[in-house]
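Line by line, the protein sequences are chains A, B and C. Heads up, the first sequence is in the working numbering, so the first residue is 1 and it goes up one at a time. Heads up, the second sequence is in the working numbering, so the first residue is 1001 and it goes up one at a time. Heads up, the third sequence is in the working numbering, so the first residue is 2001 and it goes up one at a time.
Some hints could be false.
Unchecked claim - Below, a list of computed lysine-lysine pairs in the DSS-like style, where the Cα atoms sit at most 27 Å apart: (1) K2189/C x K1153/B; (2) K256/A x K2071/C; (3) K1153/B x K2170/C; (4) K1074/B x K1107/B; (5) K2166/C x K1132/B; (6) K1074/B x K2189/C; (7) K2189/C x K1151/B; (8) K2170/C x K1132/B; (9) K1132/B x K1107/B; (10) K2189/C x K1107/B; (11) K1153/B x K1184/B; (12) K2170/C x K1151/B; (13) K1132/B x K1167/B; (14) K2166/C x K2189/C; (15) K1074/B x K1167/B; (16) K1151/B x K1074/B; (17) K1153/B x K1107/B; (18) K1184/B x K1074/B; (19) K2170/C x K1074/B; (20) K1184/B x K1151/B; (21) K2170/C x K2189/C; (22) K1132/B x K1151/B; (23) K1132/B x K2189/C; (24) K1151/B x K1107/B; (25) K1107/B x K1184/B.
To be verified - Computed far set for chain A versus chain C, every beta-carbon distance over 10 Å: (26) G69; (27) P83; (28) A84; (29) V96; (30) V97; (31) Q144; (32) D167; (33) L169; (34) D171; (35) L212; (36) W218; (37) T225.
No lab work stands behind these hints, which were simulated from the structure alone. Quick caveat, the model's predicted, so the values are computed rather than measured. Beta carbons are placed, not taken as given, at the ideal position from N, Cα and C, and that holds for glycine.
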Amino acid sequence: MAIDKSSNRSAHATAETTPRRQRISPDTVSGYAFLAPFLIVYAVFLIYPLFRGFYLSLHQWDLLAGPLGWVGLQNYSDMLSDPAFWNALTNTFYFVVLTVPITTALALALALALSRPTRTNAVFRAIFFSSSIVSVTVVTLIWQMVLSPSQGILAQALGTVGIPPLDWLNDQHLAMLALVIATVWWSLGLPLMLFTAGLQQIPGDLYEAAKLDNASRWTTFRYITWPALHRTTVLVVLIEIILHFQVFGQPFLMTKGGPAGSTRSLVQYIYENGFRDWHLGYASTGAMVLFVVMLVASLTQLYFSRKED
Amino acid sequence: MTDLTLRRVIKRYGDEQVVHGIDLDIREREFVVFVGPSGCGKSTLLRMIAGLEPISGGDVHIGDTRVNDVPAGKRGVAMVFQNYALYPHMTVRENMSFGLRNVNTPKTEIRQRVDEAAAILRIEPLLERRPKDMSGGQRQRVAIGRAIVRKPKVFLFDEPLSNLDAKLRVQMRIELARLHRQLKATMIYVTHDQVEAMTLADRMVVLRDGRIEQSGPPADLYESPCNLFVAGFLGSPSMNFLPATVTDHDADGVWVDLAAGGRLHVPRDGSGLSPGETVTVGLRPEHVRPADEGTLAGSLEVVEHLGDQTLLHIRLGEDSVVIARDEGRSAHTAGENIQLAFSGSTCHLFDGDGNACPILSRDAAIT
Amino acid sequence: MSNESTNRRPDTGRIVTLVVLTVAAFLWLVPMLWVLAMSLKPNEVLMHTTAGLLPVPFTLDNFIQIFDTAKVTRWFLNSVGVAVLMTSITLVLSSLGGYALARIPFRGARFMLIFIIAGLTVPEQAVFIPLDTMFASWHMNNTIIALVTPRLAVPFGVFLMMQFFKAVPKELEEAAILDNASRLTIFFKVMLPLARPALTTLGIFTFLYSWNDYLWPLVSATQENHYTITTGLASLQGNFAQSEGLGFLMATAVFASAPVLIVYLIFQRYIVRGIAMSSGK
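So that you can see chain A by itself, here it is in the shape it has in the complex (with noise of 0.2 Å):
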């Protein structure tokens, strides 16, 4: 009886001063219990690797031999004096500064002419999407066998025209050109099909309205559809950036980072230095500025993206 009491006016007070503060609620039990499932892998194959490369790239690491000893900051110093480092950056920037307003023009513009929702418009869409669903391998093969000058359906199509066929890939100029046209070709479909959710976000009796007052085609798209997808250009933008910085397969299958270098990326740079020369410490460096470099653009992204919520 007294322990039934007692209980009771526990239970009482604290529902009454500080509602469920004390004990663990139900909630928080499944809340834990569902999650913990994906928290855990999460926390082992991401959280913790993420800790674990910064560690390697504070030693000198062999990829069978293991830890050869700490180094400090070593290898960063050692990264910011690699000519081979600063090539290979340039030439991600490079890429990156080719593809992405390529991509985001042609992107803009293919949305803008299917932006009415006809049956027809579905279809081209789904055509210019349907290239982005093949993996980078089999796009690599394509390209490297379009643009061969013996083989090439390119130099083929231009041969008739009487135009001599290039050695794209061979070519020091026309090298990174080639990976740009590949990977445009590649990679269209995803800012396409955000431009054209973006599109559709734009209420009609806007466009009714503008009729009303007389707008060309043009004022329409420059008071109208310009400001209401700026929103959409920021994250695309920013989604290919992050998307285009991390380039690996196409120079590695098509050009090997070739000719002399000059289309080396930055994850390519990183996994060669790991994974043919064995150096893991030395490669985690290059992962970490990686990492760094993706962390302040995936962090303006998230700051677009949820400025408007």
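Mind docking chains B and C on chain A? Use the hints.
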């Protein structure tokens, strides 16, 4: 025996208190309507009874059990939501049996209870359909059916008719009244629509800012609102309020001078009032008539023909408009000057704090 | 179409646009059509000329050769195994986690959300080296587990499912609570059936990602019989640089792309919706 009791019930969100110590006794089989403007706490109160919101303070009893810490499903209450909240991937029958299946009711009993409820609501032909293939009215019937099947001690309705169109709303209102008689169950109903509240309630509870302003049978509240808020909230169009000054009071009532002109004797208990005090005279539109010779005069601004009646909006002064009701199709037209007649005995009187002066009862007059 | 033209005069601007678009779409498809055509031509013909978008002379020999080549079928099956496992586990982890973040008011939920969203900023390329050393120390490189697990840790799916569950009306869950449903019942009987479209979208995305992933399988699966079809095809490119196996190489590329293209054709609208959803509506 009281079926549902609220004692000093409090709701806090963080540091902000939104329900301030509600005391309420709801009798078995009573149809109680919580009514009030949005944000008054009526839905929060209902959800605390349901068990969907933790109770920050005070006690809720259903029957003899204190249910503060009883999980929602075990309180013996069922709720009907404004947006129906039917499970979209289940048929009507599955929707209605879900609750019983969760407590392992035998299949034959589930079937029988669902059929019974479907018969009461006349939704048998819908049983194998899915919510997306039904109209709003049908969905709300199913939602009510889902509640009935569980044979709850208390039915809770959270603005159940707000998503329906006007005509259907009237129909469902009548249906709900019929259901209440037929099921003989306790029902608590939340609405911001005073017509629903007036027509359905055995007892109406008017809430404002997390407090009960007044509670009682709808007719009582309409006839003798306890303060300006309740007076203004009930009735459509709402009560006219005329500022006035007390000149004198006696055993038969109070003498006031209306700010808009005219002198008036209101038979209310003015013992708390002193001459010179500012008061408000409340006057329902149905008690004001256009007349050849009246207490007030003004210009007719707007005439609203509603068919069976006509509402006349008369401007008395800079910021004072009175609405009067005329039977049938009024002969008056906008723009004309008009005199208004009414009797002091139909007027309400509110003191400076907005509280009503009580009606003079015979008993009060004697003592 | 005819409706429109009877209402207003065919507008020349629109016709020009249509023609330009048609030509562009055709050119867009040419590389793929050309590869398809080559895969259906005999090697001897391709040695002579690779020109032409039509498969004449026609042969299925290159495809038959694939099934005779043990390693290509092996890679294909590896890819199927990885994709199926990765997709199904991702669906389970993401729906459970997404539901918790969207709907369960547990202590620390806000912190967990930030902690998990932070993971969206970590690219695969930044962690593949430490991951490789981890699996190496467990002697688990060249296993299907090593190929599958790192991708399970990417929070994209949890995030997508959370967005979806947040959009489900709260009252539905409250009705279920009043119906005496436990958390698990609510999740399995009410929320999960509703989430079918979102799960389909996430499943397709995961499948496509898994099938096409290149860097991690390249690093982790170094033995030829553990290649996926994507890394396997890349390894063929070097060896078959000469034109003697061109038809076979092209057939392998077509074969490697067939599953994703079929998925794309069937589930196109889910992909479009998923992109719109993941971009924050």
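Okay, the hints, checked on the actual structure:
Taking the CA atoms of K2189/C and K1153/B, the gap is near 26 Å; set against the 27 Å cutoff, the hint holds. Note on K256/A and K2071/C: the hinted pairing holds, with a Cα-Cα distance of about 24 Å set against a maximum of 27 Å. Between K1153/B and K2170/C the CA atoms are separated by roughly 24 Å; this keeps the pair inside 27 Å, and the hint holds. Of the supplied pair hints, the one linking K1074/B and K1107/B holds, its CA atoms being roughly 20 Å apart against a limit of 27 Å.
A C-alpha spacing of about 20 Å is found between K2166/C and K1132/B, which places the hinted pair at or below 27 Å, so the restraint holds. For the proposed pair K1074/B and K2189/C, the alpha carbon gap of about 19 Å is at most 27 Å, so the pair holds. Straight-line distance between C-alpha atoms of K2189/C and K1151/B comes to about 22 Å, which keeps the hinted pair within the 27 Å bound. Proposed proximity of K2170/C and K1132/B is supported: the alpha carbons are some 18 Å apart, at most 27 Å.
Note on K1132/B and K1107/B: the hinted pairing holds, with a Cα-Cα distance of about 26 Å set against a maximum of 27 Å. Taking the CA atoms of K2189/C and K1107/B, the gap is near 18 Å; set against the 27 Å cutoff, the hint holds. With a C-alpha separation of about 10 Å, the suggested pair K1153/B and K1184/B falls inside the 27 Å cut-off, and the hint holds. With a C-alpha separation of about 24 Å, the suggested pairing of K2170/C with K1151/B holds against the 27 Å cut-off.
Between K1132/B and K1167/B, the direct Cα distance comes to roughly 21 Å. Compliance with the 27 Å bound is thereby established for this hinted pair. A distance of roughly 17 Å separates the Cα atoms of K2166/C and K2189/C; the hinted pair therefore holds under the 27 Å criterion. Taking the CA atoms of K1074/B and K1167/B, the gap is about 36 Å. The hint is violated against a cut of 27 Å. This hinted pair checks out: K1151/B and K1074/B have alpha carbons roughly 12 Å apart, not beyond 27 Å.
Using a Cα cut-off of 27 Å, the hinted pair K1153/B and K1107/B holds, with the two alpha carbons roughly 22 Å apart. Between K1184/B and K1074/B the alpha-carbon distance is near 21 Å, which keeps this suggested pair within the 27 Å criterion. Only pairs whose Cα atoms come within 27 Å are accepted, and K2170/C paired with K1074/B is accepted, the gap being roughly 20 Å. For the given pair, K1184/B sits about 11 Å from K1151/B by alpha-carbon distance, which is consistent with the 27 Å threshold.
Distance restraint check for K2170/C and K2189/C: the Cα-Cα separation of roughly 15 Å lies within the 27 Å cut-off, and the hinted pair is therefore satisfied. Under the criterion of a C-alpha separation no larger than 27 Å, the hint pairing K1132/B with K1151/B is consistent with the structure, at around 26 Å. Taking the CA atoms of K1132/B and K2189/C, the gap is near 18 Å; set against the 27 Å cutoff, the hint holds. For the hint pairing K1151/B with K1107/B, the CA-to-CA distance comes to about 16 Å; that is within 27 Å, so the pair holds.
A C-alpha spacing of about 26 Å is found between K1107/B and K1184/B, which places the hinted pair at or below 27 Å, so the restraint holds. Residue placement check: G69/A keeps its beta carbon more than 10 Å from all beta carbons of chain C (closest about 16 Å). Remark: the non-interface label on P83/A is consistent with the geometry, its nearest Cβ contact in chain C lying 22 Å away (cut-off 10 Å). Listed as outside the interface, A84/A is consistent with that label: its C-beta sits roughly 17 Å from the nearest C-beta of chain C, beyond the 10 Å cut-off.
No Cβ of chain C approaches the Cβ of V96/A within 10 Å, the least distance being about 14 Å, so the stated non-interface status holds. No beta-carbon of chain C is positioned within 10 Å of the beta-carbon of V97/A; the least distance is around 19 Å. Against chain C, the non-interface label of Q144/A is violated: not every CB pair exceeds 10 Å, the least being about 7 Å. No Cβ of chain C approaches the Cβ of D167/A within 10 Å, the least distance being about 15 Å, so the stated non-interface status holds.
In this structure L169/A is separated from chain C by more than 10 Å, as the shortest Cβ-Cβ distance comes to about 12 Å. Remark: the non-interface label on D171/A is consistent with the geometry, its nearest Cβ contact in chain C lying 18 Å away (cut-off 10 Å). The beta carbon of L212/A sits about 17 Å from the closest Cβ of chain C, which is more than 10 Å, so the claim that it is off the interface holds. The beta carbon of W218/A is kept farther than 10 Å from every beta carbon of chain C, the shortest such distance being approximately 13 Å.
Separation of T225/A from chain C is adequate, the least Cβ-Cβ distance of about 16 Å exceeding the 10 Å criterion.
The structure is inconsistent with the numbered hints 15, 31, although it conforms to all the rest.
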